[in-house]
Amino acid sequence: AQSVTQPDIHITVSEGASLELRCNYSYGATPYLFWYVQSPGQGLQLLLKYFSGDTLVQGIKGFEAEFKRSQSSFNLRKPSVHWSDAAEYFCAVHGSSNTGKLIFGQGTTLQVKP
Amino acid sequence: DTAVSQTPKYLVTQMGNDKSIKCEQNLGHDTMYWYKQDSKKFLKIMFSYNNKELIINETVPNRFSPKSPDKAHLNLHINSLELGDSAVYFCASSQWHEQYFGPGTRLTVT
Numbered sequence: 001a002q003s004v005t006q007p008d009i010h011i012t013v014s015e016g017a018s019l020e021l022r023c024n025y026s027y028g029a030t031p032y033l034f035w036y037v038q039s040p041g042q043g044l045q046l047l048l049k050y051f052s053g054d055t056l057v058q059g060i061k062g063f064e065a066e067f068k069r070s071q072s073s074f075n076l077r078k079p080s081v082h083w084s085d086a087a088e089y090f091c092a093v094h095g096s097s098n099t100g101k102l103i104f105g106q107g108t109t110l111q112v113k114p
Numbered sequence: 115d116t117a118v119s120q121t122p123k124y125l126v127t128q129m130g131n132d133k134s135i136k137c138e139q140n141l142g143h144d145t146m147y148w149y150k151q152d153s154k155k156f157l158k159i160m161f162s163y164n165n166k167e168l169i170i171n172e173t174v175p176n177r178f179s180p181k182s183p184d185k186a187h188l189n190l191h192i193n194s195l196e197l198g199d200s201a202v203y204f205c206a207s208s209q210w211h212e213q214y215f216g217p218g219t220r221l222t223v224t
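One line per chain: the protein sequences are R and A, in this order.
Residue numbers for the first sequence follow this note's numbering, beginning at 1 and rising by one.
Residue numbers for the second sequence follow this note's numbering, beginning at 115 and rising by one.
Derived by calculation from the structure, the hints in this document are not laboratory data.
Computed from a prediction, not measured in an experiment: that's the story for all the values here.
Check each hint, because a few of them may be wrong.
Said to hold, decoys possible - Below, computed lysine-lysine pairings styled on BS3-like, alpha-carbon distance capped at 27 Å:
id	chain 1	residue 1	chain 2	residue 2
1	A	LYS185	A	LYS136
2	R	LYS61	A	LYS133
3	R	LYS101	A	LYS158
4	A	LYS185	R	LYS68
5	A	LYS154	R	LYS113
Unchecked claim - Stretch-level coverage of chain A by chain R, calculated; a stretch enters the list once three of its residues show a Cβ under 8 Å from a Cβ in chain R:
id	segment
6	126 to 132
7	150 to 160
Stated by the list, open to error - Some chain A residues well away from chain R (every beta-carbon gap over 12 Å; in silico):
id	residue
8	LYS123
9	THR145
10	SER182
11	LYS185
12	HIS191
13	SER194
14	ALA201
Positions of the beta carbon are idealized from the N, C-alpha and C atoms, including for glycine.
Sequences and hints are given; from them, build the entire structure.
What follows is the structure in structure tokens.
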């Protein structure tokens, strides 16, 4: 069965510091992978996605993620965090079936210290 | 020109009542979804419709009934509300693999 694990429930970083949020997935074939961000009281916004090709993908707001098949990982990174990045981050996987069902990880809460 | 909109944003009601949440998308997408986000922020698919046809129905109590009058709308009706139904409900739409989410409806059952 498909699954997504985000090992870090809560992360605190200082403003200006680098950030890496971990995501591991379980899926038999090459998955479609996504990172979404949810600001307090808001809906989910797509940060970036991986379908195929270059394993390093760039997203909005200065985020990037790297797909590593050997590690079944799709970690999200940002070189310098801004206070406005404080939010909930969700990694998700989408199977190759036509149903389009997204399976989400548990989410990582990012807190940014001034 | 909101892409995916939901109404209402907040819904407070008593146990046993029946309520509906509406969702509309103006992206021209064929597929729409309902997700439930629980108090631990875990997101889980409930239903998916493709061109007004139900294609995903996860293990959801039959008190929940989605209805899609046309491919731009997917409403969620909930009968006999229970305390455990309190959650944030998100609507989403997609054409291929990218899903666009609405702002959510926070349902509180008292």
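Here is how each hint holds up against the structure:
| no. | hint | in the structure |
| --- | --- | --- |
| 1 | LYS185(A) <-> LYS136(A) | holds, 13 Å |
| 2 | LYS61(R) <-> LYS133(A) | violated, 37 Å |
| 3 | LYS101(R) <-> LYS158(A) | holds, 9 Å |
| 4 | LYS185(A) <-> LYS68(R) | violated, 37 Å |
| 5 | LYS154(A) <-> LYS113(R) | holds, 23 Å |
| 6 | 126 to 132 | violated (count 0) |
| 7 | 150 to 160 | holds (count 6) |
| 8 | LYS123 | violated, 9 Å |
| 9 | THR145 | violated, 6 Å |
| 10 | SER182 | holds, 15 Å |
| 11 | LYS185 | holds, 14 Å |
| 12 | HIS191 | holds, 21 Å |
| 13 | SER194 | holds, 27 Å |
| 14 | ALA201 | holds, 14 Å |
When held up to the earlier numbered hints, the structure conflicts with 2, 4, 6, 8, 9 and fits the remainder.
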